[in-house]
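J.: For reference, the chains in residue letters:
There are 2 protein chains.
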Amino acid sequence: MRVVRTIAQMREALEYMRQGGHGPVGFVPTMGYLHEGHASLLRAAGEKSGTVVMSIFVNPLQFGPNEDFASYPRDEQRDLALAEREGADIVFIPSVEEMYPQPIRTGVSVSSLTTQLCGASRPGHFDGVTTVVSKLFNIVQPDYAFFGLKDAQQVAVLRRMVADLNMNVEIIACPIVREEDGLALSSRNVYLSAEERRQALVLSRSLREVRQALEDGKVRTVNEARELLVSVIAESPLAVIDYAEILTFPDLESLEGGSKLSAAGGEVIMALAVKFGRTRLIDNNVFIPKEAHALV
Amino acid sequence: MRVVRTIAQMREALEYMRQGGHGPVGFVPTMGYLHEGHASLLRAAGEKSGTVVMSIFVNPLQFGPNEDFASYPRDEQRDLALAEREGADIVFIPSVEEMYPQPIRTGVSVSSLTTQLCGASRPGHFDGVTTVVSKLFNIVQPDYAFFGLKDAQQVAVLRRMVADLNMNVEIIACPIVREEDGLALSSRNVYLSAEERRQALVLSRSLREVRQALEDGKVRTVNEARELLVSVIAESPLAVIDYAEILTFPDLESLEGGSKLSAAGGEVIMALAVKFGRTRLIDNNVFIPKEAHALV
Numbered sequence: 001m002r003v004v005r006t007i008a009q010m011r012e013a014l015e016y017m018r019q020g021g022h023g024p025v026g027f028v029p030t031m032g033y034l035h036e037g038h039a040s041l042l043r044a045a046g047e048k049s050g051t052v053v054m055s056i057f058v059n060p061l062q063f064g065p066n067e068d069f070a071s072y073p074r075d076e077q078r079d080l081a082l083a084e085r086e087g088a089d090i091v092f093i094p095s096v097e098e099m100y101p102q103p104i105r106t107g108v109s110v111s112s113l114t115t116q117l118c119g120a121s122r123p124g125h126f127d128g129v130t131t132v133v134s135k136l137f138n139i140v141q142p143d144y145a146f147f148g149l150k151d152a153q154q155v156a157v158l159r160r161m162v163a164d165l166n167m168n169v170e171i172i173a174c175p176i177v178r179e180e181d182g183l184a185l186s187s188r189n190v191y192l193s194a195e196e197r198r199q200a201l202v203l204s205r206s207l208r209e210v211r212q213a214l215e216d217g218k219v220r221t222v223n224e225a226r227e228l229l230v231s232v233i234a235e236s237p238l239a240v241i242d243y244a245e246i247l248t249f250p251d252l253e254s255l256e257g258g259s260k261l262s263a264a265g266g267e268v269i270m271a272l273a274v275k276f277g278r279t280r281l282i283d284n285n286v287f288i289p290k291e292a293h294a295l296v
Numbered sequence: 001m002r003v004v005r006t007i008a009q010m011r012e013a014l015e016y017m018r019q020g021g022h023g024p025v026g027f028v029p030t031m032g033y034l035h036e037g038h039a040s041l042l043r044a045a046g047e048k049s050g051t052v053v054m055s056i057f058v059n060p061l062q063f064g065p066n067e068d069f070a071s072y073p074r075d076e077q078r079d080l081a082l083a084e085r086e087g088a089d090i091v092f093i094p095s096v097e098e099m100y101p102q103p104i105r106t107g108v109s110v111s112s113l114t115t116q117l118c119g120a121s122r123p124g125h126f127d128g129v130t131t132v133v134s135k136l137f138n139i140v141q142p143d144y145a146f147f148g149l150k151d152a153q154q155v156a157v158l159r160r161m162v163a164d165l166n167m168n169v170e171i172i173a174c175p176i177v178r179e180e181d182g183l184a185l186s187s188r189n190v191y192l193s194a195e196e197r198r199q200a201l202v203l204s205r206s207l208r209e210v211r212q213a214l215e216d217g218k219v220r221t222v223n224e225a226r227e228l229l230v231s232v233i234a235e236s237p238l239a240v241i242d243y244a245e246i247l248t249f250p251d252l253e254s255l256e257g258g259s260k261l262s263a264a265g266g267e268v269i270m271a272l273a274v275k276f277g278r279t280r281l282i283d284n285n286v287f288i289p290k291e292a293h294a295l296v
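In order, the protein sequence lines correspond to chains A and B. If you use UniProt numbering, the first sequence closes out at 296, no skipped numbers anywhere. If you use UniProt numbering, the second sequence closes out at 296, no skipped numbers anywhere.
Because the hints were derived from the structure by calculation, they are not lab data. Remember, predicted model here, so these are calculated numbers, not experimental data. Just so you know, not all the hints are guaranteed correct.
Identical chains share a label here; the pair holds if one copy fits it or two copies do between them.
With a straight-line Cα cutoff of 25 Å, these simulated DMTMM-like cross-link-like pairs (lysine to aspartate or glutamate) come out [what the hints assert, rightly or not]:
#1 275 x 227
#2 218 x 84
#3 260 x 209
#4 48 x 12
#5 218 x 12
#6 48 x 15
#7 150 x 227
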């Protein structure tokens, strides 16, 4: 495994791999502090690609002024051990100065998919994501890029960017990886106190309960599903809901509150952002609503 | 020479050229209605590249609602003959539907270089340019891309975009090509009446006169140069000045009016946009101001 810290070294390492005929390049962009979710992305990349590139870069552009850029957890040694164990061929760890040697004046932005959910709570966040991912794609020139579905809106936004700009890369979305008890893995989980950690289980539990209620026909409309989602989360006294929404996926369009979920005619996303103390966690479930069994 | 009309065919044609080991790809993006300026770009591309790709696409995104998108001159047969004669290997002529199969939601934009000169007169124009050029670069994946310096601001904006987003392409700026009498070549020159065509010579003449006055030490400060520029243009009764500016190049920053041009400490641009009837023409001169001879 090669560790490179400059764009020039990165291009050189890739050229070397390409000349060796190592097949397609799979790319896993991360902000580091790696966990089993990232490991699953590396394994998916390994299955589809001859060369696996991981980047570790905490991108200041995608953090708001009052967000946790400075305190975002970092542990390079542990990250490199995980990357090596999971088969990365090249790890790209640029400094902020390497990525932004002068004030960046060019922005890549996706409209209308970025105004709701995390885009509403974190203005500018997705512009930071699409801009840095554009840069990374231009540096790494991957055939495939792997992203976790925990950031489902990010996946939707990046797919749209790739299609709109004819980028020569396929975005591959990988399933959310969870702890045994259901908590979605996140580098930010380390911020949680023991009690917050316990109560944070309500995110995955609320999603499961709504899915079950839909299956059982106890809940049918968008409004009923959203109300159940909110009421389950409200059982945790520490939970402060940022958003709890049900939208079409991947277009993230609103659904008529009174209509049945199955009327969406395709995939929908139940998406949550909930704060526990100063820590904001997200979770979601993407599925195709079916008519309840009782009606079949 | 191959003529391709779809993105899939374009990628296929390039793959074929690459596998043949034809060397670097040089790219000349145009809006068609080709003239000797475009021919000079094709020749420059031929000198540096093994494969020369030209695109012809009148991009609706870079035209304002009251601009000449619908009436922009088109002549595919003549364009293809010129491209063939000047050594293009592949000509890419996509339809608007091929480039924008769905409403585009992703934009690439460069701030601060796009608020002055043509950016001020044509709001949204450069966003349309950077977005379509990003798309074309992703489709063609050129090693070099050739642009004429008549659109000097476009060159500055695209260079910044390429640097900021780490695009793997070198922007090569080629000199303005002029008629014998000095008029800069432009596809829009066909719009001019005989009398407008005659008076339009004032653009190149005003630039030459200011350069000469600077050489002779008759004009020294930015304000003096700008005043001379404007007064020469005013000699043509049909000329309506859109802008006549002197800025640093390529950063397009303002210069202190009372200071000498040579104080800019690098390249400056004298840039003009002038209307003759309904036709808006641009011209410019980029140079490094020297202390006038009298002072050496």
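J.: Let me make sure I understand: some of the numbered hints might not hold for this structure. Which ones are they, in numerical order?
T.: 2 and 5
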